[in-house]
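Trainee: Sequence:
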Amino acid sequence: MKLHTLQPAEGSTKNRKRIGRGTGSGRGGTSTRGHKGAKSRSGYKTKLGFEGGQMPLQRRVPKFGFKSLNRVEFKPVNLDTLQSLATTYNLESIDMDTMVSHGIASKNDKIKILGGGELSSKVSVTAHSFSASAVAAIEKAGGSVNKI
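Counting from 553, one number per residue, gives the positions in the sequence shown under the working numbering.
Worth flagging that the hints you see were computed from the coordinates, not collected in a lab. There may be inaccurate statements among the hints.
Unchecked claim - In the DSSO-like style, the derived pairs of lysine-lysine whose C-alpha atoms are separated by at most 27 Å in a straight line are:
hint, residue 1, residue 2
1, LYS662, LYS619
2, LYS674, LYS692
3, LYS627, LYS569
4, LYS674, LYS659
5, LYS566, LYS627
6, LYS627, LYS664
7, LYS699, LYS674
8, LYS699, LYS664
9, LYS615, LYS599
10, LYS588, LYS599
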């Protein structure tokens with residue numbers, strides 16, 4: 553076998569359509585564009601969401617509510633998750649790196665500790681935000697709260 557003898561597999565390649573090469577080619581005349589209308593002409597472009605003059609979907613559907621451009625989205629983590637981490641891995645402090653390494657959050661997440669579940673271990677917790685009930689439960693168990 554030599555490089556000049558290599559060929560693609562049978563049926564894996566097709567010849568491209570040669571449009572506008574005369575009537576004998578079968579693709580002359582209107583060059584597969586049909587008759588008249590904007591689509592048959594050169595330079596045709598549609599706007600995104602254009603539906604041929606019909607009222608487009610983004611204008612038909614009612615809009616309501618408000619989304620702030622400056623909102624901060626937190627990844628919620630409950631106390632029972634922290635408790636299971638502390639007991640499974642014998643941890644005394646839980647911070648961002650610990651949660652990322654154990655798959656609770658990704659490195660770009662902002663974490664908020666919520667008061668769901670029970671916490672019995674004395675743990676020092678470091679996160680971006682805490683709910684009031686979470687702070688009370690952590691301090692009741694003898695732990696400490698540190699905001700990033």
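Trainee: Does the structure keep LYS699 and LYS674 at a Cα separation of 27 Å or less?
Mentor: holds (17 Å)
Trainee: Is the hinted pair LYS566 and LYS627 satisfied, with a Cα-Cα distance of at most 27 Å?
Mentor: Distance ~51 Å between LYS566 and LYS627 Cα, so the pair is violated.
Trainee: If you draw a straight line from the CA of LYS674 to the CA of LYS692, is it 27 Å or shorter?
Mentor: holds (9 Å)
Trainee: Tell me if the straight-line CA distance from LYS588 to LYS599 falls inside 27 Å.
Mentor: Satisfied, since the Cα-Cα distance of roughly 20 Å is no more than 27 Å.
Trainee: Are LYS615 and LYS599 close enough, with their CA atoms no more than 27 Å apart?
Mentor: Status holds; Cα separation ~21 Å.
Trainee: Does LYS659 sit within 27 Å of LYS674, going by the straight-line distance between their CA atoms?
Mentor: At roughly 25 Å apart (the allowed maximum being 27 Å), LYS659 and LYS674 satisfy the hint.
Trainee: Check the hint pairing LYS627 with LYS569 against an upper bound of 27 Å on the C-alpha distance.
Mentor: violated (52 Å)
Trainee: Holds or violated: LYS662 with LYS619, Cα cutoff 27 Å?
Mentor: OK: LYS662 and LYS619 at ~19 Å, within 27 Å.
Trainee: Under the criterion that the straight-line Cα-Cα distance not exceed 27 Å, is the pair LYS699, LYS664 satisfied?
Mentor: At roughly 10 Å apart (the allowed maximum being 27 Å), LYS664 and LYS699 satisfy the hint.
Trainee: Holds or violated: are the alpha carbons of LYS627 and LYS664 at most 27 Å from each other?
Mentor: Answer holds: LYS627 to LYS664 is near 6 Å, not above 27 Å.
Checked against the numbered hints above, the structure violates hints 3, 5; every other hint is satisfied.
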